[in-house]
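Participant: Take a look at the letters that make up each chain.
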Amino acid sequence: GEDVEQSLFLSVREGDSSVINCTYTDSSSTYLYWYKQEPGAGLQLLTYIFSNMDMKQDQRLTVLLNKKDKHLSLRIADTQTGDSAIYFCAERHYRDDKIIFGKGTRLHILP
Amino acid sequence: DVKVTQSSRYLVKRTGEKVFLECVQDMDHENMFWYRQDPGLGLRLIYFSYDVKMKEKGDIPEGYSVSREKKERFSLILESASTNQTSMYLCASSPQTGFGQETQYFGPGTRLLVL
Chain A
1 GEDVEQSLFL SVREGDSSVI NCTYTDSSST YLYWYKQEPG AGLQLLTYIF SNMDMKQDQR
61 LTVLLNKKDK HLSLRIADTQ TGDSAIYFCA ERHYRDDKII FGKGTRLHIL P
Chain B
1 DVKVTQSSRY LVKRTGEKVF LECVQDMDHE NMFWYRQDPG LGLRLIYFSY DVKMKEKGDI
61 PEGYSVSREK KERFSLILES ASTNQTSMYL CASSPQTGFG QETQYFGPGT RLLVL
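Going down the list, the protein sequences come from chains A and B.
Here our numbering is used: the first residue of the first sequence is 1, the next is one more, and so on.
Here our numbering is used: the first residue of the second sequence is 1, the next is one more, and so on.
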């Protein structure tokens, strides 16, 4: 199948690290993406990783890719209230260039 | 910066009405997409277009049609709105496929309520 799987909900205390996990199915995926959707808004591209990398860091964001297990994660360091959003994982297939989205993980920040 | 705009943020329509959702992008992208987003179901692709006057059905095209008369504009049409079409509608665009990290860029969404 073409499923991209991620848990639907994550609750984290302000200041802690958040780790959002995603599994995908297509081993030939070229790029993997993380999008952020704030309440009432569209999806905003947060970061991406090329499939021949295993890690990418961008300020508070760290993306880890385990190609063998087809597992992608997004770590947000020092989680803040502004990080409260839905985070979508997406993969881009090599064969047909389709982008497949997960159902999104809602990140809830506890005070 | 890529800009994708949608004509309305919120719409309320009655069952049976014809509804037009408009999307415009300013980056000369070839590809444009319409998704609907529902709680617990994620994004579902309704239709996409890879060129002017070209369209392809996505995963859930029933009850919808689209129009792409100009490259920058992609319209989603609900010929006769029904209550099960109450949803958030997201438009996206992307450049023609090739190498690179290019992905889809999204508009802010239109929240449609059908009464």
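Treat the hints as calculated values from the structure; they're not laboratory data.
Hints may contain errors.
[As the list claims (entries may be wrong)] Straight-line Cα separation of at most 30 Å, DSS-like style, residue types lysine-lysine; simulated pairs:
1. B:K57 with A:K98
2. B:K70 with B:K57
3. B:K55 with A:K67
4. B:K57 with A:K36
The structure presented is a predicted model; accordingly, all values stated were derived computationally and were not measured.
Participant: Next step is simple, just say for each hint if it's right about the structure.
Facilitator: Hints, one by one, checked against the model:
Taken as a hint, the K57 (chain B) and K98 (chain A) pair is honoured in the structure, with Cα atoms around 13 Å apart against an allowance of 30 Å. Among the hinted pairs, K70 (chain B) with K57 (chain B) is consistent with the structure: their alpha-carbon atoms are about 19 Å apart, no more than 30 Å. Among the hinted pairs, K55 (chain B) with K67 (chain A) is inconsistent with the structure: their alpha-carbon atoms are about 34 Å apart, more than 30 Å. A threshold of 30 Å between alpha carbons decides the hint, and for K57 (chain B) with K36 (chain A) the separation of about 26 Å falls inside it, so the pair holds.
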